[in-house]
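Participant: Here is how the chains run, residue by residue.
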Amino acid sequence: MKTDKANAERLEYVIKAKASYRADARTKTWEEKVESIARMRRAAAVRKHHVA
Amino acid sequence: MKKALLALNSIKKSGVIDDYAIGGAIAASFYIEAVNTEDVDVFLFMSASENSVLLSLQPIYDALEKLGGRVEKEYIVIGDWPIQILPAYSPLVEEAVKQAVSVQYGNIETRIFSAEHLCAIALDTGRMKDFYRVASFIEQGKVDRLALQQLVKKYQLENKTKKVLNWSGDEN
Chain A
1 MKTDKANAER
11 LEYVIKAKAS
21 YRADARTKTW
31 EEKVESIARM
41 RRAAAVRKHH
51 VA
Chain B
1 MKKALLALNS
11 IKKSGVIDDY
21 AIGGAIAASF
31 YIEAVNTEDV
41 DVFLFMSASE
51 NSVLLSLQPI
61 YDALEKLGGR
71 VEKEYIVIGD
81 WPIQILPAYS
91 PLVEEAVKQA
101 VSVQYGNIET
111 RIFSAEHLCA
121 IALDTGRMKD
131 FYRVASFIEQ
141 GKVDRLALQQ
151 LVKKYQLENK
161 TKKVLNWSGD
171 EN
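Residue numbers (the working numbering), protein chains in the order written: chain A, 1 to 52; chain B, 1 to 172.
Pulled out of the complex, with its shape left as it was, chain B reads as follows:
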């Protein structure tokens, strides 16, 4: 993982990308228990002037390949980890990238989605494992319920909360 983070920080420093933030299960494991995942989801904010996602991602793949990455299917593998580079695909994800928090992985600085944005995106994605993830954040007291409620309202996710078993339960 360290190799991947160093490579991402390197392309940020050299200006290939403005910034990035890690989401998905890897980011969630910062806050709650680890669950298995195939890859590291790395989200980028793409400027509105980009005409094509494919064209705009190419320089990023090229830069990461120069740093030892190899392209495999939709991933670029750095060290042992497949990295999936994803443009922020919705206003919610754009906000998550912009408001990501800086954390340390060992001695390496990186950025991950806030607990509240991880939960809101999980609600939006809406698979069973996503609802379970939100329930885990709530059960372990790792999410600001008020801030999450505001995101739910802002992004009209109210119906999705019905699938989270402990959504209406007592707050710890």
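For reference, chain A alone in the conformation it holds in the complex:
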């Protein structure tokens, strides 16, 4: 059973992350955002490799 404190912390994290994504959308160029997607892809590939 999750505590209210854990839920509040999780909610705070999600709100901060969402605000960060929105800020990126406003301030980054398309090229920078595509580079960011490329980094996500590489990180996902590494995770997949470690799990396999």
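FYI, nobody ran anything at the bench for these hints, they're computed from the structure. Keep in mind it's a predicted model, so treat the numbers as computed, not measured. Among the hints, erroneous ones may be present.
[To be verified] Where chain A lies over chain B, by a calculated footprint (3+ residues, C-beta under 8 Å): (1) 23-30; (2) 33-45.
[To be verified] Taking beta-carbon pairs under 8 Å as the criterion, some of the chain B residues facing chain A (in silico): (3) Met1; (4) Asp80; (5) Ser102; (6) Tyr105; (7) Gly106.
Using N, Cα and C, we set each Cβ at its ideal position, and we do this for glycine too.
Keeping the supplied structure of chain A fixed, place chain B upon it in accordance with the hints.
Facilitator: What follows is chain B alone, placed relative to chain A:
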């Protein structure tokens, strides 16, 4: 990504394809925040006279291989990016390709789907992440609601809009 765009522009210039437009998450990231994706969706308008999608795509794959691409499963990988070449598979996607907008990636010109067509296609595709994408466009004021509403009506997507949390919310 630049290598992929240069290769696509090259096969367009040499007449292998008439034109192309980028859709999916890569195109969406032009307008809203970046989200992870495996590939670059590149849509082509295929003429009605083509008898077979497989036959008609082969010259495109051949041309891209000559430019350094390598075929892996359903993709052709150029530089670091898997490219999925997709024929326009519905009237909505055909319209999206025809009405795509020209944009710059760095100093390279390319074409991407309009925000309204990206949202309409997302509604049509109908996965949870697609509805979330539409909600993001709306929340960030990146889509013309009237133009999107017209596409929704034209392509009978009204039922899908119920899955978008902020569809009926106040417009910003």
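Participant: Hint by hint, note whether the structure agrees.
Facilitator: Each hint tested on the structure:
1. 23-30: holds (count 4)
2. 33-45: Contact hint for the stretch 33-45 of chain B vs chain A: holds, 6 residues under 8 Å.
3. Met1: This hint holds: Met1/B lies near chain A, its Cβ roughly 5 Å from the closest one there, short of 8 Å.
4. Asp80: With a closest approach of 6 Å, the Asp80/B hint holds.
5. Ser102: Check failed: Cβ of Ser102/B comes no nearer than 13 Å to chain A, outside 8 Å.
6. Tyr105: Where the cut-off is 8 Å and the nearest Cβ of chain A is about 6 Å from Tyr105/B, the hint holds.
7. Gly106: This interface hint holds because 5 Å falls under the 8 Å limit.
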